[in-house]
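Student: Spelled out, the chains give:
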Amino acid sequence: MSETLLELHDVATHFTVESGGLWRGTKSVVRAVDGVSLSIARGEVVGMVGESGCGKSTLARTIMQLVPATAGRIVFQGRDLTQATAAEVKAARRGMQMVFQDPFASLNPRMTIFATLAEPLRVHRVCASEAVPARVARLLELVGLSSRDLHKYPHEFSGGQRQRIAIARALALEPQLIIADEPVSALDVSIQAQILNLLASLVREMNLSLLFIAHDLSVVKHISDRVAVMYLGKIVEFGPANEVIERPGHPYSQALISAIPTLDPAKARTRLVLAGDPPSPRQPPSGCAFHPRCPHAQAQCREITPRLTPITPAQAAACVRLGEF
Amino acid sequence: MPLLDVTDLRTSFHTRSGIYRAVDGVSFSVEQGETLGIVGESGSGKSVTCYSLMGLVPQPPGRIESGRALFGGVDLLNCSPAEARAIRGKRIAMIFQDPMTSLNPYLRIGEQIIEPLVIHEKISRDDAWQQAAAMLEAVGINDPAHRLTQYPHEFSGGMRQRAMIAMALITRPELLIADEPTTALDVTVQAQILDLIKKLQREMKMAVIFITHDLAVVSELCDRVQVMYGGRLVERAPTRRLFTAPRHPYTQALQRSIPALQHKGTTLYTIPGQPPDLSRAQAGCAFAPRCEFALESCRTAEINLAPVADGHASACVRVQAGEILHE
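Chains as they are written, first to last, in my numbering: chain A, 45 to 369; chain B, 506 to 832.
One or more of the hints may lead you astray.
[To be verified] Computed from the model, here is a short list of chain B residues facing chain A with C-beta under 8 Å:
(1) M559
(2) L561
(3) A643
(4) I763
(5) T772
[To be verified] Per label pair, the in silico range of CB-to-CB distance:
(6) A159/A with S534/B: 50 to 58 Å
(7) Y656/B with A319/A: 21 to 29 Å
(8) R613/B with V73/A: 52 to 60 Å
(9) A131/A with M605/B: 48 to 56 Å
(10) R166/A with A806/B: 47 to 55 Å
(11) M506/B with R346/A: 23 to 31 Å
(12) P507/B with V73/A: 28 to 36 Å
(13) K71/A with P794/B: 39 to 47 Å
(14) A806/B with S245/A: 48 to 56 Å
Just so you know, these hints were derived from the structure itself, not from any lab. A virtual CB, placed ideally from N, CA and C, is assigned to each residue, including glycine.
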């Protein structure tokens, strides 16, 4: 295995929320991310899947230090960011950049593309100001846009083009890690293919690591080396993309994968339809958080909180009845 | 006789920056009890087609330029408002993409579900309430009597979509138009809602028009599919045929760009260029500028959807002439 770029040890992100009446509000804790351990090697693509509210976006923001971690360690290039000073965090941010879901909301409508792409270069004093225009033009080329577009505003671009601009902005500081939070969910199928191809070629050519967050499993499978499945703030299964998707070990991964509509109408398949909605992270069920919806749940599942246990040397799942079904 | 027969529907939007031909000469029919899928990317006109039938296109700026939509002998596009009201919400019902914004946050769920019944049928409020409870139970919501008295914010996303379905189906419509009803939902909840629509359709023997951009959802649910591009229909086929033997370059290109149908890690096919600008009248085939098979004649020829095989129609002149075969 090549060099580890990012390591998470038992990372938790909890939010305190006030609820209830106007005067007698009660405080409760939302465990958005609750004990996640994960590592990403240089040049590796890790896919992260889960339903809305499972904590995958909060995890991304926690890694980026956009929200503080409540517990755990986030080690990037050998430095623990949870203990780092503000200056150290700023330096680390040059090495990791983020691409957001909505290219309509993540670009400033009042800044030209040139201003958007030049800003990170200036903030981090990457190069002399005379060299900025040439670098910006090169960035645009890298993502398949023309330098003629430099002085246009975001509204003049389509969704796919805006996502290219957001990717160019993330690449401006030549990071080692890109965290892409649902980068293709807002795009049409034909545009989605363009962005996936672009990300895959950038990873290959620049030896980037990519944490790719999505709810669409077929997209995640296509681009990722390894896949993590999240449920209610915890990773319930982790392993090589093909294995997790072809032979999922955790009942939640099994249900999630069987819930994806197939494109082949001839392929008869028994579908595991889960009852109910994902529970709220404000009052997570006791024991295994999945037990109220799990078709294989037993009495013990209500009490024991399962830990990730290896199924094969590369694949692990968090279920006490692993291998029994 | 088909349940709904639409001929040459044209809907455009007259704005300051020009006339947008959102739907440009669309004809199709829906048989009793069948499920017809309409797929296309954003801006292809799939939603506006159905909004036109339901009288939901704001006029102005929208204008229905031409067309006929016969439903039980009544032309939905050219009938009196009273005739349209008697059909809409009773014999044709619609559900929308976003259950968060299409329920009224100020009204109890029950009030919203009984509304179509109270308007269309002579029924007492108590009886309507009883029927609403039965309907809520039929869409899989526990403790319906209590749930009816709650407000939309007390429901989860999946439950709101169930409540919307209950509202649409309470008058036992003959046709349900579903506009991306599962797009805003998680996959596990999407699977529940698709199963529910299938089950209720069988029980109530209604026809469904299912609008979506997700080809996979179509393949699971629909009997027939039609593909829209640039306001026009480009292909129509039985679902299985469309996936195994697409006969229009656009449909073929779409399939090659979907990760689920390709080997892991291969470079996906991308359609060059941009979707057409609907504010410019375009002669010939709308897909021609992006099509790898386009000839000069494609840009000028008159384009019509024509049969290329049993039950399978394509709007590609080269496919019609037998010049391109599917892979």
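Student: Next step is simple, just say for each hint if it's right about the structure.
Tutor: Do the hints match the structure? See the list:
1. M559: Interface hint status for M559/B: violated (24 Å vs cutoff 8 Å).
2. L561: Constraint on L561/B not satisfied, violated at 23 Å.
3. A643: violated (16 Å)
4. I763: Where the cut-off is 8 Å and the nearest Cβ of chain A is about 6 Å from I763/B, the hint holds.
5. T772: Hint on T772/B: holds, closest Cβ of chain A at ~5 Å, below 8 Å.
6. A159/A with S534/B: 50 to 58 Å: holds (53 Å)
7. Y656/B with A319/A: 21 to 29 Å: holds (24 Å)
8. R613/B with V73/A: 52 to 60 Å: Violated - the Cβ-Cβ distance for R613/B and V73/A, about 32 Å, lies outside 52 to 60 Å.
9. A131/A with M605/B: 48 to 56 Å: Roughly 42 Å apart at Cβ, these two residues miss the hinted range, so it is violated.
10. R166/A with A806/B: 47 to 55 Å: Distance hint for R166/A, A806/B holds at roughly 53 Å.
11. M506/B with R346/A: 23 to 31 Å: Since M506/B and R346/A have Cβ atoms about 58 Å apart, the given range 23 to 31 Å is violated.
12. P507/B with V73/A: 28 to 36 Å: violated (58 Å)
13. K71/A with P794/B: 39 to 47 Å: violated (59 Å)
14. A806/B with S245/A: 48 to 56 Å: violated (37 Å)
Violated hints, listed in ascending order, are 1, 2, 3, 8, 9, 11, 12, 13, 14; each of the other numbered hints is respected by the structure.
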